[in-house]
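Here are the chains, one letter per residue:
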Amino acid sequence: MKYFLTHVIDPDADWPEGLEDQLRGWVTEMDHRGVLIDGVPLRLDVPPTCVRRTQTGVVVADGPYAETKEQVAGFDLIEADDLDEAIAVAGAHPTLIGGAIEIRPVAPGMATPEPYEPRADREQYLMLVCWDQSGDAEIRDEGPGGADERRPIDDWIDHAAERRLHGSQLQPPALATTVRRVDGTVTVTDGPFAETKEQIGGYDLLEVTGLDEAVEIARDHGSGLIDLRLCSVGIQPEVAGGSTTA
Amino acid sequence: MSHLADPVAPVFAEEWGRLVAGLIAWCGDWELAEEAAQEAFARAVERWPRGGVPDSPAGWLTTVARNVVRDRLRRRGVETAKLALIGAGPDDGTEAPTGFPDERLRLIFTCAHPALPMPARVALTLRTLCGLSIAEIARAFLVTESTMDKRLVRARAKIRGARIPYRVPPPELLAERIDGVLAVIYLLFNEGYSASSGEELLRVDLSAEAIRLARLLHRMLPEEAEVSGLLALLLLTDARRAARTDGGEIVPLAEQDRSLWGRAEIDEGEALLAPLTGTPGPYEVQARIAVEHDTAATASETDWATIAALYELLPATPVVELNRAVAIAEIHGPEIALRLVDELSGDLDAYHLFHATRADLAARGGDEVAAARSLDRAIALAPTGPERRLLARRRAALADGVDGASR
Chain A
62 MKYFLTHVID PDADWPEGLE DQLRGWVTEM DHRGVLIDGV PLRLDVPPTC VRRTQTGVVV
122 ADGPYAETKE QVAGFDLIEA DDLDEAIAVA GAHPTLIGGA IEIRPVAPGM ATPEPYEPRA
182 DREQYLMLVC WDQSGDAEIR DEGPGGADER RPIDDWIDHA AERRLHGSQL QPPALATTVR
242 RVDGTVTVTD GPFAETKEQI GGYDLLEVTG LDEAVEIARD HGSGLIDLRL CSVGIQPEVA
302 GGSTTA
Chain B
366 MSHLADPVAP VFAEEWGRLV AGLIAWCGDW ELAEEAAQEA FARAVERWPR GGVPDSPAGW
426 LTTVARNVVR DRLRRRGVET AKLALIGAGP DDGTEAPTGF PDERLRLIFT CAHPALPMPA
486 RVALTLRTLC GLSIAEIARA FLVTESTMDK RLVRARAKIR GARIPYRVPP PELLAERIDG
546 VLAVIYLLFN EGYSASSGEE LLRVDLSAEA IRLARLLHRM LPEEAEVSGL LALLLLTDAR
606 RAARTDGGEI VPLAEQDRSL WGRAEIDEGE ALLAPLTGTP GPYEVQARIA VEHDTAATAS
666 ETDWATIAAL YELLPATPVV ELNRAVAIAE IHGPEIALRL VDELSGDLDA YHLFHATRAD
726 LAARGGDEVA AARSLDRAIA LAPTGPERRL LARRRAALAD GVDGASR
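Here the protein sequences come in this chain order: A and B. First residue of the first sequence: 62, per this note's numbering; consecutive thereafter. First residue of the second sequence: 366, per this note's numbering; consecutive thereafter.
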């Protein structure tokens, strides 16, 4: 099963020296285990851009989708056997030194994204599709026949074309689990990292020429609230000394 | 289901949890497993009184329940291929062989999974392992049936949707997850124990269910010291139940009629603790404190020095410190204890027993004015009627000028 990990960090947290090595260690380990599908840190120095659909039209504004104490700092998409494995994977991530990781199962029907090479002349934007999901139930597998039907979102996916690297709807916050480290031990709690009215309900990773193109794609998406975040350069797994690959 | 016809009731108590656990392992669907188990028992109630109890009640129930599962899946349009996947071919009704001594162990651990909210863990445990009806659980926790039903539906959706594994945790997680299971049982016991003081006579006996679960867990994990510790703690606490109230009023420990204490439970609790030799965990320490109380012939013969030393082995939370101060008062007098208690005022100002303890110590030190003030505060904060009335009686005794009113 695929799980979407949302990393959130406390802006006042103290980060130790050598954090990058720890991050690389985690990425290398999870890549080696075949757990890690994709993951991108966000540029925290660049404020988020919000695309909000109102009764009078689409408003583009500065700011995150919700004011929370902890701020979204990145994501990982992983493949794990079950929630316990996802918890173990998240529990080993250095984000927990100064933040938390929310684990959300990806809704059924998502194909494993194709591997891609980031293009040097493009920027990656993480598009967080948000809405009020109180009362939203688990998205069940539609069973035979259901998957072939064309959904409204498919037009948008066609339109975004190669500018969309991958993306999916997530299971609702009712199925979320948050992992933190308290006094040195990993603690697991039910629910999302923050109880906000609007919650992240899906994501898309875009590769575009800049913010304007990202906004244009987000406008066409049709959902009420989209948060656009500029991505930073992802940490690559360490290539072992040439002797490990078959 | 506590009103089942006679031949079925004892089987229900013994087999419900095992049946549900086996069905979940077999079909992977919690809701369906519960429904099918319920249906199987409903048929037993119908047939056993007339046709007699089958030779293997468990086998009979499993066969009936599996047929119910198959029927429901077929009606939902699940094709034969998928039915075959869960072994839906004809079977002889024997349990599928598994690597576990008892299917219920997997169920216990999954119900207590940390990714489920605590109220859902408790409700799931009572429903799937103990076989309490949703109405009974709702009544036990003073919520409506529909609220309780939603809580269970949501918990099952999370287990399925987030894929919480149905298993006994692997060794590296076992200790931590056992703690989670023990926490559920302990909460259940306390819920039942505090409710047993009068006002809620209609509530099912949660303490008895907690003891039953702790026994079950102990049978399955006899080597785990904290499991023994918890079972001992519950037994040693429950032993005092009959003496703890009198006509709905709380009787404080020192005033209880010790001849009413359950000798068998005390003996069993002590026997559980006897073989434990490692560094004691919190449940074992609390059980050892309970032993000191339970085995003192009179209140004045209580070994307070040992009790104070045991409290030092527990994590020093404000409530633990408060209890330690009570023991210290018995050894070194109320003045020293009062100083310790006063240091806790920041943390425990909203806790009625903090003020009640303060009042007791102040009264013993001769300061009735301070005692009265603390008792007023304690009365205002007390959560239940019986506790409020106990404190009010102490307050009245002070006002009458009776010396040592609170003893």
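FYI, nobody ran anything at the bench for these hints, they're computed from the structure. Hints should not be assumed to be uniformly reliable.
Said to hold, decoys possible - Now the stretches of chain A that chain B is said to cover, found in silico as 3 or more residues with beta-carbon under 8 angstroms:
id, stretch
1, 139-148
2, 223-236
3, 252-263
To be verified - To give an idea of the chain B side of the interface with chain A (calculated C-beta under 7 angstroms), a few residues:
id, residue
4, P479
5, A480
6, P482
7, P484
8, K515
9, V518
10, R519
11, G526
12, A527
13, P530
Cβ coordinates follow ideal geometry from the N, Cα and C atoms, glycine included.
Okay, the hints, checked on the actual structure:
Counting residues of the stretch 139-148 of chain A whose beta carbon lies closer than 8 angstroms to any beta carbon of chain B gives 5, which meets the minimum of three for the stated coverage. By the rule of at least three residues with a Cβ nearer than 8 angstroms to a Cβ of chain B, the coverage given for the stretch 223-236 of chain A holds, with 3 such residues. For the stretch 252-263 of chain A, the stated coverage by chain B is violated: 1 residues have a C-beta nearer than 8 angstroms to a C-beta of that chain, whereas at least 3 were required. Interface hint status for P479 (chain B): upheld, as the beta-carbon distance to the closest one in chain A is roughly 4 angstroms, under 7 angstroms.
The beta carbon of A480 (chain B) is positioned within 7 angstroms of a beta carbon in chain A (closest approach about 4 angstroms), and the interface hint is therefore held. Against a cut-off of 7 angstroms between C-beta atoms, the interface hint on P482 (chain B) holds, since the closest Cβ of chain A lies about 4 angstroms away. Interface restraint check for P484 (chain B): the shortest CB-CB distance to chain A comes to about 10 angstroms, outside 7 angstroms, so the restraint is violated. Here the hint on K515 (chain B) is broken, as its CB sits about 10 angstroms from the closest CB of chain A, past 7 angstroms.
With its C-beta approaching chain A no nearer than about 9 angstroms, V518 (chain B) sits outside the 7 angstroms limit, and its interface hint is violated. Because the smallest distance between the Cβ of R519 (chain B) and any Cβ of chain A comes to about 6 angstroms, under 7 angstroms, the interface hint for this residue holds. At about 4 angstroms, the closest approach between the beta carbon of G526 (chain B) and any beta carbon in chain A falls short of 7 angstroms, and the interface hint on this residue holds. Restraint check, A527 (chain B) versus chain A: the minimum CB separation of about 5 angstroms is within 7 angstroms; hint holds.
Hint status for P530 (chain B): holds, given a least beta-carbon distance of 4 angstroms to chain A, under 7 angstroms.
Violated hints, listed in ascending order, are 3, 7, 8, 9; each of the other numbered hints is respected by the structure.
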